[in-house]
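**Q** Each chain, letter by letter, is given below.
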Amino acid sequence: MHEVASSSDTRVRETFELNVGPHHPSTHGVFRAVVELDGEIVVNVTPHLGYLHRGYEKTCEAKTWHNVIPLAERCDYMGATSNSFVYCLAAEKLLDIEVPERAQTIRVIMAELSRIFSHLFWLGAHAHDIGAFTPIIYCLRERECIMDMFELTAGGRLMPNYLRIGGLIRDLEDGFVEKARAFTDEFNFRVDDYEALLTKNPIYVDRTKNIGILSSEDAIALGASGPMVRASGVRWDIRKSEPYSGYDQYDFQMAVEQGCDVYSRYLVRVREMRESAKIVRQGLDKLKPGPIRATKPGAVFPPQEEIYTKTEALIHHFMLVVEGVRAPVGQVYHVIESPRGELGAYLVSDGGPRPYRLKWRPPAFVNLETLATMTKGAFLSDLIAILSSIDIVLAEVDR
Amino acid sequence: MNQQEIRDKLFEQFGEEVIKGEDLFRDQVTLTVDRSRIAPVCRFLKEDPELAFDFLSFVGAVDRYPSRPRFEVLYQLYSLQRNHRFRIKALVDETDSEPAAIDSVVSLWPTADWHERETAEMFGITFKGHPDPRKLLLPEEWTCHPLRKDFHVEGNDEETPDLPRKVEQGS
Chain G
1 MHEVASSSDT RVRETFELNV GPHHPSTHGV FRAVVELDGE IVVNVTPHLG YLHRGYEKTC
61 EAKTWHNVIP LAERCDYMGA TSNSFVYCLA AEKLLDIEVP ERAQTIRVIM AELSRIFSHL
121 FWLGAHAHDI GAFTPIIYCL RERECIMDMF ELTAGGRLMP NYLRIGGLIR DLEDGFVEKA
181 RAFTDEFNFR VDDYEALLTK NPIYVDRTKN IGILSSEDAI ALGASGPMVR ASGVRWDIRK
241 SEPYSGYDQY DFQMAVEQGC DVYSRYLVRV REMRESAKIV RQGLDKLKPG PIRATKPGAV
301 FPPQEEIYTK TEALIHHFML VVEGVRAPVG QVYHVIESPR GELGAYLVSD GGPRPYRLKW
361 RPPAFVNLET LATMTKGAFL SDLIAILSSI DIVLAEVDR
Chain H
1 MNQQEIRDKL FEQFGEEVIK GEDLFRDQVT LTVDRSRIAP VCRFLKEDPE LAFDFLSFVG
61 AVDRYPSRPR FEVLYQLYSL QRNHRFRIKA LVDETDSEPA AIDSVVSLWP TADWHERETA
121 EMFGITFKGH PDPRKLLLPE EWTCHPLRKD FHVEGNDEET PDLPRKVEQG S
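Chains G and H supply the protein sequences, listed in that same order. Read in order, the letters of the first sequence are residues 1 to 399 in the working numbering. Read in order, the letters of the second sequence are residues 1 to 171 in the working numbering.
Just so you know, these hints were derived from the structure itself, not from any lab. Take the hints with a grain of salt, since some may be wrong.
[What the hints assert, rightly or not] Every beta carbon over 10 angstroms from chain H, so not counted as near; a handful from chain G, in silico:
#, residue
1, Leu49
2, Tyr138
3, Pro202
4, Val256
5, Gly259
6, Gln282
7, Glu306
[Stated by the list, open to error] For the chain H half of the interface with chain G, some residues (derived, Cβ under 7 angstroms), not all of them:
#, residue
8, Leu24
9, Pro40
10, Phe58
Just so it is clear, the structure is predicted and the values come from calculations on it, not from any experiment. Ideal Cβ positions, reconstructed from N, Cα and C, are used throughout, including at glycine.
In isolation and in its complexed conformation, chain G is listed as follows:
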């Protein structure tokens, strides 16, 4: 009897490995991680990516410059407009195209709506992961309003495919401005509703405060960007530091929190939604009539009505579709602040009608690198909260 007791006292502590995913409901896509556990404590996390790898960069090498846009939107289908936005900005830099002011403003409105769109779904899914079922129902309701606006003016709901190199495919549809204005008037109260469910909810706060600590030094070293670094006290927002498309003319606050935890990331994203609504409203106020696409024959598609009435326009349109535009030899890198952080497009041209190389800098991919650092020593149940606080979109991680 005595011998049995002593042998159980000298048992060896050993860790074991648990497979999470790729079809776990909280992995937001097909993400798989092998988690090394000591009891309930996470010792190490090894992510296994690539289940959704579709060879995006390789495929783009076979498309003409204009044909890349729909593919780009499929990278991050949650903030689709951000992707076509950064691609168009990079391609415009490469082709030296100046975008008219009205198109710039509409792009900002669309990008900010897609930021709200993305954050809304994040908020719902994140709360759901932690066990709060209610927020996602409300979040999807407002998300539906934004999808309706996208559908009204661009046709697509999830991926509007609305931006073009040089501007936009068409002008805003009648009724868009009124709809968007009504949405922004109402939206702040809707965010109050979500906050009433979570911000002071003791269960939510217990599950998120001081969980998933990422110091500002670690965040920068690991290349994190967007809400991830702003929740770690780093004042960095590309819309402020390197304004593009006229962002310097908008009055909005950068959302920064010092907590470095899951709760801070929640606060940052909630405040960003309010700020984005503010930007949309300012954009609607400063909308002036004007062209929605640059005029650069041979590089930018001519206006649709001219194709039917002018021979040159018809020829330019035909040549752009059949041959594409030959970009000058060179390389450019352009970044924007996507809902997830620094989204960059690096384009290399060899003078041909197709990108010689397109390198995407996906923020979700890089932000996911911080997972192992944040989860060390956490409980397994917190791993789910931490993973969802990164706001990954696996389509963008794997490309």
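Start from chain G and add chain H according to the hints.
**A** Quick look at chain H alone, frame taken from chain G:
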């Protein structure tokens, strides 16, 4: 600092033996750095108080097949403290006896870990001193490198047996 000032500072520090070339396009400078000196140049870029490139946006590569040297390895940098960007590249070649290789910069910017793993598997470039040189996105058993220019998008039976084959018409 603007692009020109950063360029001048690097030339001043390392000279033309290390900085092999430069390219200015649309206000963006790309400096070509000698492959064997990539680590000291990166360390200088990160640690110099005026440059202070504390943030690595990405490590990538371009395949210039069939010209030689075949690969460009790119380092796109950003400084949060100074709010400036810069890009350097190194030319890397492979021969029948020697695979393409360059020093890893993971010790300087830990974020380079995944970028280098992705570049390694997509182009077949070895990053010497990488702490965890496993594949990241591709299947373990693949021996090919899809972002090389001589890789066909359809794949082939030997290298990518798990890709769906195109069905022959009439069969």
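**Q** Look at each hint and say if it fits the structure.
**A** Status of each hint after checking the structure:
1. Leu49: 6 angstroms, violated
2. Tyr138: Correct as stated: the minimum Cβ-Cβ distance to chain H is 35 angstroms, above 10 angstroms.
3. Pro202: Proline 202(G) is indeed farther than 10 angstroms from all Cβ atoms of chain H, at 36 angstroms.
4. Val256: Its Cβ never comes within 10 angstroms of chain H, the nearest being 13 angstroms, so this holds.
5. Gly259: 19 angstroms, holds
6. Gln282: 24 angstroms, holds
7. Glu306: 29 angstroms, holds
8. Leu24: Violated, about 9 angstroms.
9. Pro40: 19 angstroms, violated
10. Phe58: Holds - the Cβ of phenylalanine 58(H) comes within 7 angstroms of chain G, reaching about 5 angstroms at its closest.
When the structure is compared with the earlier hints, violations turn up for hints 1, 8 and 9 and for no others.
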